[in-house]
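> Just so you know, the protein sequences line up as chains A and B, in that order.
Residues are numbered in the working numbering as their position in the first sequence, beginning at 1, plus a constant of 119.
Residues are numbered in the working numbering as their position in the second sequence, beginning at 1, plus a constant of 16.
Hints should not be assumed to be uniformly reliable.
[What the hints assert, rightly or not] Residues from chain B that face chain A, not an exhaustive set, calculated with beta carbons under 7 Å:
(1) Ser76
(2) Ala135
(3) Ala138
(4) Ser152
(5) Gln303
(6) Thr324
(7) Ser357
(8) Phe359
[As the list claims (entries may be wrong)] Straight-line Cα separation of at most 27 Å, DSSO-like style, residue types lysine-lysine; simulated pairs:
(9) A:Lys335 with B:Lys26
(10) A:Lys479 with B:Lys103
(11) A:Lys479 with B:Lys104
(12) B:Lys109 with A:Lys156
(13) B:Lys104 with A:Lys335
(14) B:Lys338 with A:Lys227
(15) B:Lys103 with A:Lys470
(16) A:Lys470 with B:Lys109
(17) B:Lys220 with A:Lys335
(18) A:Lys335 with B:Lys103
(19) B:Lys61 with A:Lys305
(20) A:Lys146 with B:Lys220
(21) A:Lys305 with B:Lys104
(22) B:Lys220 with A:Lys479
(23) B:Lys35 with A:Lys497
(24) B:Lys61 with A:Lys470
[Said to hold, decoys possible] Label-pair distances were calculated between CB atoms; the ranges are:
(25) B:Gly223 with A:Lys497: 29 to 37 Å
(26) A:Ala133 with B:Ile248: 55 to 63 Å
(27) A:Gly471 with B:Ile248: 52 to 60 Å
(28) B:Gly356 with A:Ala450: 32 to 40 Å
(29) A:Glu442 with B:Tyr94: 14 to 22 Å
(30) A:Arg184 with B:Val180: 20 to 28 Å
(31) B:Thr224 with A:Ser142: 43 to 51 Å
(32) B:Val265 with A:Ser142: 53 to 61 Å
(33) A:Lys497 with B:Gly87: 45 to 53 Å
(34) A:Val389 with B:Gly356: 53 to 61 Å
(35) A:Val389 with B:Tyr94: 36 to 44 Å
(36) B:Ala149 with A:Ser217: 32 to 40 Å
(37) B:Asp99 with A:His385: 14 to 22 Å
(38) B:Tyr266 with A:Ser217: 54 to 62 Å
Just so you know, the hints here were simulated from the structure itself, not pulled from any lab data.
Cβ atoms here follow ideal geometry from the backbone N, Cα and C, with glycine treated the same way.
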Amino acid sequence: MMSSSIWPEEQKEAITEMTQFFSFIRKEFYHVFRDSKTLLMLFGLPIAQILLFGFALSNEIKDSRIVISDLSRDEGSRKVIEKLSASEHFIVTRSDLSPREIEAAFKKGDIKLAVLFPARFGEDLQHLGSASIQVIGDASDPNTSNTLITYLTGIVQDFQSQNRRSPGSAPLINVETRMLYNPELKGSTNYVPGVLALVLMLVCVLMTSVSIVREKEMGTMEVLLVSPLNPVLLVISKAVPYFALSLVNLAVILILSSTLLDMPLHGSLVLLVALSSLFILTCLAVGLLISNSTGSQQMAMLISLMGMLIPTMLFTGFMFPLENMPWALRAISNIIPSKWYYIIVKSIMIKGLGFSAIWKESLILFIMMLALMAISFKRFKVRLT
Amino acid sequence: MRTLIFLLKKEFRQIFRNKALLPVIFVMPIIQLLILPLAADYEIKNISIGIVDHDRSTVSRDLINRIVGSGYFRLVDYNASFDQAFKKIESDKADLILEIPTRFSASIGAGDPQKLFLAVNAINGTKANLGAAYLSSIIQQLGSDLILEKQLSSGSAFSSINVVSSNWFNPTMNYAFFMVPGILALLVTMVGAYLCALNIVKEKEIGTIEQINVTPIRKHHFILGKLLPFWIIGIVVFTIGLFVVGYGVYGIVPQGNILVLYACVALYLIALLGLGLLISTYSETQQQAMSVTFFFMMIFLLMSGLFTPIESMPEWSQWIAKSNPVTYFIEVIRMNVLKGSGFSDIKLHVGVMVFFAIFFNSWAILNYRKTS
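In isolation and in its complexed conformation, chain A is listed as follows (with noise of 0.2 Å):
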């Protein structure tokens, strides 16, 4: 023998597999790293999620616009007026409008809600002791309009029951609210464990499926697949830049929420990171299942985006409540990996609870992970036709 190798064999053949294994990896990264519009996607999209939700996004109604309509022109209906500009929800724009106009004012949009004083309001309520006020919706929109007309409503109760009391008296039931881990109501709390789960899961699922499928479609997967290396780490190398991107991703969030949004990280990090780890892993499984099981990136996308995404927004829970869905939505959104990984970001960051109190969650995400894992493995196939 020429070489007088100290390895011995066997070794040997290992160290070259990895040195295999970690070149190919290598060209993964280059692949990812030269593309730049790609990137923008990978490190882009979460800072421009995390500043939309944390900053732009919100459900709180607020400053809608509306008229007010008063035919009876009296000190009645003057204080109720004065009341309803003082509110932060409304802003008074017009008033005086004739019926058609307000129908008028709704179809252009205008306005979310128009109030109509009768004429005699306020004689009315000081002689027959009950007088009405009409308020008209725009239900194209059912749930603004529906948050509209209660809280106008509860600026009128409001109003009586001050000028009902005699001056001086409290009422009778006060009630004490604590809000609790988030007492500045703000959105981002809600939003920021869901913007996570949505973009390691985009990273992930689209970005592994799309690469596996473009070598494919490109052909040149069957130079890859001739190559020595194993075809399963060969596909694990396909994988391992998404994790660490992901990972990266991770990162980027945290510290952008902690810095930006004031986002709190009561619970323990290391407990986060491994669980998110997790998920990952379980995102790489839906994305290499995805890619052996379609030839075109096209398809690929497709199903990703629609398949994949689009339940992660809507079954996650983040964006819309869980409890509003039929039965059958709301089992659908058990098999959604993200929805247990957003209970569990919600647990640890805001919640601050330990491992003991999101073993379950994590259970079934490590189940499914081991499932996907298992049937993506088993379907990959060495040959291409």
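We have chain A; now place chain B onto it with these hints.
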């Protein structure tokens, strides 16, 4: 013209031969239209409440009956200790806990003001706020009823204001009526921008674009040949969504002029296809095109008022929303379908969409090169 017809034939053949993609284009939107409106229900109801009742009197029972009877709350826990009830909040089983102290009814009977304690899981701020507001108003109502009872027995009367509300354009307050048109807009957007961008880049990536580039096919022929099929598919998807799902399943009858509606869809699709074309001129691979499209779509859709109201955004993001073509289309489609708004109501929207159509398309055409 002949060239264009040949190109269109080629495109449609490619699309219809692709047995995998076709169901995705037509079936997925229908599934989405069926599921999304059911899922995207923001209404705050079914709030889970735990009540810790240390009093157990007629008054506290009256209060609990009122809370459960209001329809907003679901009683999930009753009469445990506060610590036990708090466990329910930690495990997300309860959204709020109301604690009624001992001697609650006794001190009310004596006319002493009483305090109730309310602990709210505020991770979802909106839900917490509205839940607490609903509950407070129920409690206030109980309080004023109790006062009223006393005053009635003492013989003094008070005036009252009734709020009579009516809901226009959607009297049954059906949330799907609001969501379905919005989701139709989302589907048209996705079909338009995505498929168009990906389709052109696919030719680039595979290399077949070179073959087209060396033929005498003119630049505008090629572009029209690529845009027209997706323009038609977009309109077909919209029609299926509006009539088969919107009317057939949800019973939504467009209130406005259907021609105006279709004119707007056609116009919007031109703008969107222009965006897809623009992205494809800047991308080399499908992965790039997808990444860039997804990046912009995500921002466009989130900032369009589809899921969250634009008025509640801070000013800077309202500006983003206002420079976003999707916003205008979603508004138009909701106004036309639900309120029957006519052309004069949406002049501004149409103007903006015309601007975007010209802007995206001319930028894309300027940037498109037959030679690489």
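> Give a verdict on every hint.
Going through the hints against the structure:
| no. | hint | in the structure |
| --- | --- | --- |
| 1 | Ser76 | 11 Å, violated |
| 2 | Ala135 | 5 Å, holds |
| 3 | Ala138 | 4 Å, holds |
| 4 | Ser152 | 5 Å, holds |
| 5 | Gln303 | 5 Å, holds |
| 6 | Thr324 | 5 Å, holds |
| 7 | Ser357 | 4 Å, holds |
| 8 | Phe359 | 11 Å, violated |
| 9 | A:Lys335 with B:Lys26 | 24 Å, holds |
| 10 | A:Lys479 with B:Lys103 | 16 Å, holds |
| 11 | A:Lys479 with B:Lys104 | 16 Å, holds |
| 12 | B:Lys109 with A:Lys156 | 43 Å, violated |
| 13 | B:Lys104 with A:Lys335 | 50 Å, violated |
| 14 | B:Lys338 with A:Lys227 | 16 Å, holds |
| 15 | B:Lys103 with A:Lys470 | 11 Å, holds |
| 16 | A:Lys470 with B:Lys109 | 14 Å, holds |
| 17 | B:Lys220 with A:Lys335 | 17 Å, holds |
| 18 | A:Lys335 with B:Lys103 | 51 Å, violated |
| 19 | B:Lys61 with A:Lys305 | 20 Å, holds |
| 20 | A:Lys146 with B:Lys220 | 23 Å, holds |
| 21 | A:Lys305 with B:Lys104 | 22 Å, holds |
| 22 | B:Lys220 with A:Lys479 | 48 Å, violated |
| 23 | B:Lys35 with A:Lys497 | 25 Å, holds |
| 24 | B:Lys61 with A:Lys470 | 23 Å, holds |
| 25 | B:Gly223 with A:Lys497: 29 to 37 Å | 34 Å, holds |
| 26 | A:Ala133 with B:Ile248: 55 to 63 Å | 58 Å, holds |
| 27 | A:Gly471 with B:Ile248: 52 to 60 Å | 55 Å, holds |
| 28 | B:Gly356 with A:Ala450: 32 to 40 Å | 38 Å, holds |
| 29 | A:Glu442 with B:Tyr94: 14 to 22 Å | 19 Å, holds |
| 30 | A:Arg184 with B:Val180: 20 to 28 Å | 21 Å, holds |
| 31 | B:Thr224 with A:Ser142: 43 to 51 Å | 32 Å, violated |
| 32 | B:Val265 with A:Ser142: 53 to 61 Å | 54 Å, holds |
| 33 | A:Lys497 with B:Gly87: 45 to 53 Å | 50 Å, holds |
| 34 | A:Val389 with B:Gly356: 53 to 61 Å | 58 Å, holds |
| 35 | A:Val389 with B:Tyr94: 36 to 44 Å | 38 Å, holds |
| 36 | B:Ala149 with A:Ser217: 32 to 40 Å | 34 Å, holds |
| 37 | B:Asp99 with A:His385: 14 to 22 Å | 19 Å, holds |
| 38 | B:Tyr266 with A:Ser217: 54 to 62 Å | 33 Å, violated |
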